Amino acid sequence: MDRGRIHSLNPILVIGLIMNTMVGVNLLGLAHHASKMGYNLWWSPILLGCIVSLTLIPMMALCRRYPEDNLFRIHEKLLGKWLGRCFNILIIVYAILNVSTAHEGYVRLVQTSMLSNQTVTLPLLGLTLVMVYITNGGIKLIARFCLLTFFFTGWMIFLLQYGFQKGGMTHIFPLFHTDWRSIAETVHNSYASMLGYELVLFFYPYIQDKNKAHKHVLIGVWIVVLLYVMILLTSVSYFSEWQMDNLIYPILNLFKAVELSFLERIENLGIGLWVFLILSTSTGYLWVARTGLEEMAEKTRLWHLLVPTIISFLFIVGPLSVERQRYIYDKVTVYMAYGLILWPIFLLVLHSLRFGRGERVS
Amino acid sequence: MQNVDDLSSLSLKMNDEEVHVFFLDTLVDVSQIYQTVFLPLQRSDGREPLQVLPFAQECQLDDMETLMSNLLRGHTILFFLERNLILHVNTFQVPHRSITKSETEATVLGPQDSFVEMLEINLSLLRRRLATPHLKVSSYTIGTQAQNKVAVIYLDNIANAENVERVKKRIDNVIYHGFVGMPVLKQMLEDKPYSPFPQFGLTGRPDNATAALLDGRIVIMLNGSPDAAICPTSFLEMFSSPEDFYNRWSTASLLRMIRFFGLFITIMLTSSYVSVLTYHPEMLPPALLTILTESRSRVPFPPVIEVLIIELVIEILREAGIRMPTKIGQTIGIVGGIVIGTASVQAGLASNILIVLVSVSALLSFVPPNFLMSNAIRLVRYGFILMAGVLGMYGQMLALAFLFGHLLNLTSLGTPYMAPGVPRQWTDLMNSLIRAPLRFIVNRNRMSRAKQKHVRPFGED
Chain A
1 MDRGRIHSLN
11 PILVIGLIMN
21 TMVGVNLLGL
31 AHHASKMGYN
41 LWWSPILLGC
51 IVSLTLIPMM
61 ALCRRYPEDN
71 LFRIHEKLLG
81 KWLGRCFNIL
91 IIVYAILNVS
101 TAHEGYVRLV
111 QTSMLSNQTV
121 TLPLLGLTLV
131 MVYITNGGIK
141 LIARFCLLTF
151 FFTGWMIFLL
161 QYGFQKGGMT
171 HIFPLFHTDW
181 RSIAETVHNS
191 YASMLGYELV
201 LFFYPYIQDK
211 NKAHKHVLIG
221 VWIVVLLYVM
231 ILLTSVSYFS
241 EWQMDNLIYP
251 ILNLFKAVEL
261 SFLERIENLG
271 IGLWVFLILS
281 TSTGYLWVAR
291 TGLEEMAEKT
301 RLWHLLVPTI
311 ISFLFIVGPL
321 SVERQRYIYD
331 KVTVYMAYGL
341 ILWPIFLLVL
351 HSLRFGRGER
361 VS
Chain B
1 MQNVDDLSSL
11 SLKMNDEEVH
21 VFFLDTLVDV
31 SQIYQTVFLP
41 LQRSDGREPL
51 QVLPFAQECQ
61 LDDMETLMSN
71 LLRGHTILFF
81 LERNLILHVN
91 TFQVPHRSIT
101 KSETEATVLG
111 PQDSFVEMLE
121 INLSLLRRRL
131 ATPHLKVSSY
141 TIGTQAQNKV
151 AVIYLDNIAN
161 AENVERVKKR
171 IDNVIYHGFV
181 GMPVLKQMLE
191 DKPYSPFPQF
201 GLTGRPDNAT
211 AALLDGRIVI
221 MLNGSPDAAI
231 CPTSFLEMFS
241 SPEDFYNRWS
251 TASLLRMIRF
261 FGLFITIMLT
271 SSYVSVLTYH
281 PEMLPPALLT
291 ILTESRSRVP
301 FPPVIEVLII
311 ELVIEILREA
321 GIRMPTKIGQ
331 TIGIVGGIVI
341 GTASVQAGLA
351 SNILIVLVSV
361 SALLSFVPPN
371 FLMSNAIRLV
381 RYGFILMAGV
391 LGMYGQMLAL
401 AFLFGHLLNL
411 TSLGTPYMAP
421 GVPRQWTDLM
431 NSLIRAPLRF
441 IVNRNRMSRA
451 KQKHVRPFGE
461 D
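As given, the protein sequences belong to chains A and B, one line each in that order.
Position 148, counted from 1, in the first sequence is what the numbering used here calls 148; the numbers after and before it change by one each time, with no gaps.
Position 338, counted from 1, in the second sequence is what the numbering used here calls 338; the numbers after and before it change by one each time, with no gaps.
With the rest of the complex left out, here is chain B:
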């Protein structure tokens, strides 16, 4: 432990016996150490060290590895030189972010708390929602350098044992130097790492994670990351938000459908503009065609170039909006949206109809509650635009066929990604595109292959 300046070492006396104390002052609260370690030692009155410090644990003398890892986890190490005894006391206490509202998955109704960067607090958020001894937490330490703590959380009376084994096996097989966030670990655990689509759910909301656990899913959490990965999950679930269950069923169903069909609109809208204007202008009714050609009359580029330019401008605006400080961010929105949009139309660089279409499709790409999914859709859209530019509507449909072929090929923890659509499961359709009234949702999702099929008993009483 050389050049570790935050290592504090003290020596004090207990019953005239010298005790060396080591701790990392960046991981402990000194006043707490004083309360729990120093004071009892000074008032020992001839008692044995383990009687004085009832929470202390004895450490093997030759086990340097455990000693080090405990020290690095915020334990205080006590050397009793004369007795040849080493004790360690857990004095870990660091400042942490308080539990705040979720920024990325905000809802109007329902609980508003969200996970923070401390695994213990996140686990407590789940525990206080699920007061059952069946809630199991298995901990792992992965990352050769960083020694990250990972927790696999499941309800053992509901979750499929095979799925749990799969998750544990995959975590055991991970070899990496360290993880800075759950999304990184998630990519290593997923079935098809090369796909642009996320195959595990990712949520920062405890209510989302609790609902998943109750459905028999497995939640994976990483210390230092405010997200939980949910597996297995499906494509359709990427479009459902916990708020669907807080809303009335009819509203929730409408919103879900908007989210899901928004996906198709966002990938087809601008690419259809390209294909129709380049290859099939005859498809438009005369009135619409007149408006379109008029608005495009001064644009010198072919439609595909025009669309790509405007789409890229929108992407740049989004990216800049994230990086900008909040105060300037609003200005960027105005500059981007109004100045660039209007000016480019007036300058004849783009048609104003295209600006409308691109803005609609940009808005729609934000609609999925899952951020990774909305990013994947953004990427996929460019494929569609290029295919439309090369092969027209045929190209779009070919891209769609490829997309569906890909989605059908994906699995999440070995279960089909497109369930319950294909392969179909009628009972699951109650909670897929629509959110049926709660009395109709009697089964757990078949995808989780839960040990208990029904969410409530069927008895009449």
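So here's chain A without its partners, still in its complex pose:
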């Protein structure tokens, strides 16, 4: 069983892993989710980045106390076998839901915009198979795939200049014309686009340079924040407030601003390439689900990988109606994520009661 004894993640891989698990399907609708703030939405990622950085402190503090254990084992050590396993099951469910969230949103988009005469089953099947293949290679392969994804999709940032040139930068003024209520709503609505950094609780044992891990994770997070700010600034200058309120996938309309002499409607290419970003997110979560099952069964089997995959697949194409699914993806998953992100604080308190402050357990 993979006990995380081989420390395979070097700093660059940690940064890449954090970045690409965060960037996923939610970026496509980021300007829409954050539209409550009107033209002020461009600085909302900075706010989100601050919240992420704050919530990372207890997470990393917990990880430092258990340098060789992932959250599943921390649960069993802190809460005992049975209670710990109950929470582990919850986390596995959360991970599977996240896989489904990423896949469902993306596959529906692919189906509506590119393959309008097909059902979602075939595209989803392809996506799922590739995901299983990559996840089967372990966290090292996932991290490498994330880094490759960064090189492969990062150049799309340069396409923003088309939208930027066509828009008006002055839209950003007045700078802080908003109120607390809409800020809070925006943060809640767009927090899903920052999710993914909580995976550090699970891959921390594999990190080579644990002393600087916190710094590397923060670098990853703030690069993502920078990307988001750039994209949102372009959205602000290119779109009207009404458009951002009503367009579900504003990024696609930003792609439409691109004018090349040899290629039109470049958003087809963009959506196609997005599959890398989706895969780099979903493989991370699927790996968490697999690791959880392995910890529970205390051995490595292929069905530990296949069972979560099949559940997430059936979740999308199964009998559940689309409205119910959306409710689960948009509400249940996000609230579970809030729970998971705040959970280390509780675990830290428990840890200090049981083992004393700052004590290392490994």
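Source of the hints: derived by calculation from the structure; they are not laboratory data.
Since this is a predicted model, take the numbers as computed values, not measurements.
Here a beta-carbon is modelled for each residue, glycine too, at the ideal position from N, C-alpha and C.
Mixed in with the good hints, there may be bad ones.
What the hints assert, rightly or not - Derived list of chain A stretches under chain B, where covered just means 3 residues or more per stretch with a C-beta under 8 Å from a C-beta of chain B: (1) 137-148; (2) 257-263; (3) 332-338.
Start from chain A and add chain B according to the hints.
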């Protein structure tokens, strides 16, 4: 040794003592035996046999196995019945192909010799380039029936000891009846035998093998095969040719990039034709779309079938071109290229734009200097065409993600196949996609994990 008709046995006299001589006349030169064995024996003048034949070795009387294997390697066996003594002399001498130019890895500049089918000659080609006692050759005999001789060659002051051990261990673990060529053995030594991609380099050029040895790689050679396997190697190295170092750095960099991006063009070009025409015609500018639809107006098939037909025709042409005798081969090229191409367009079986695209992608698939890699790309291309036919551009990207997932998962002798890209190594990038001027290439490739990191001292003097 029954029914072995090429076994010759003679008996002659040495000091009135009868000596039986055995050898396989297909493996020895009889005139040489006469010079080195018969003549000295006849002029022995009462001396001991080992004094007469200073190169002979004594063989244990009960060791039939060694005796047989020596006989089968072209040694001459001498039985001295009265003394109860068995000697064997190495008289191996067979006709062999002379050292010629490399056909598969031809270059314009640089050395032109290439390996031949004899291990001894191949080793000499390497030895005369690397006059250092650190060049080590470990020999193995593998193949339960064929008893093939395998040599593991490395520079012991540079090559990573762990890598050498890995190679030796893998060769020790090979059990097979016999090897007819290095590519067969290579497949048994590679990390992931089911992958279509070659994980060890394969070269027929001594200069390539020498460069690899100097970088701290390990070269494996098989007697009877004119290729050397190089390990570990990486994906990017499949696209580099020894000529890159003979050219100026700027030209070499340009050529390398063409080779590497040619890979992406060859797998994406025809599949993009399929996906754009089937699912996303709106992506094309109106002028281009008009040309494409006009050229396709009489074609009765969907694009994916059209592309598959033409791609298969090209494959058949290639395969036929290899088998055909050289004189007819040129005719086939004309028949295939001009007659089939033009006629199929005129008959309305394919669009002429597709013919252009397929020919370009067929040409590009020849560009990688590594033949196994270019074959792998040919195979991968069909996956992309089918995915494009089923799922459009999304399918292509999905196939690309799978391809990269697979490549990232591969290892060559335990080192990552996609190095130095991912995992990245900045110093190695100097000699990867680009070939930087030689003064910038100061480190050996990190992938070889060499014992000496630098290729030259850093001192100013």
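A quick look at each hint next to the structure:
Requiring three or more residues with a Cβ within less than 8 Å of a Cβ of chain B, the coverage given for the stretch 137-148 of chain A holds, as 6 such residues are present. Check on the stretch 257-263 of chain A: 3 of its residues sit with their Cβ under 8 Å from a Cβ of chain B, so the three-residue criterion for coverage holds. Here's how the stretch 332-338 of chain A fares: 0 of its residues keep a CB closer than 8 Å to some CB of chain B, so the rule of at least three is not met and the hint is violated.
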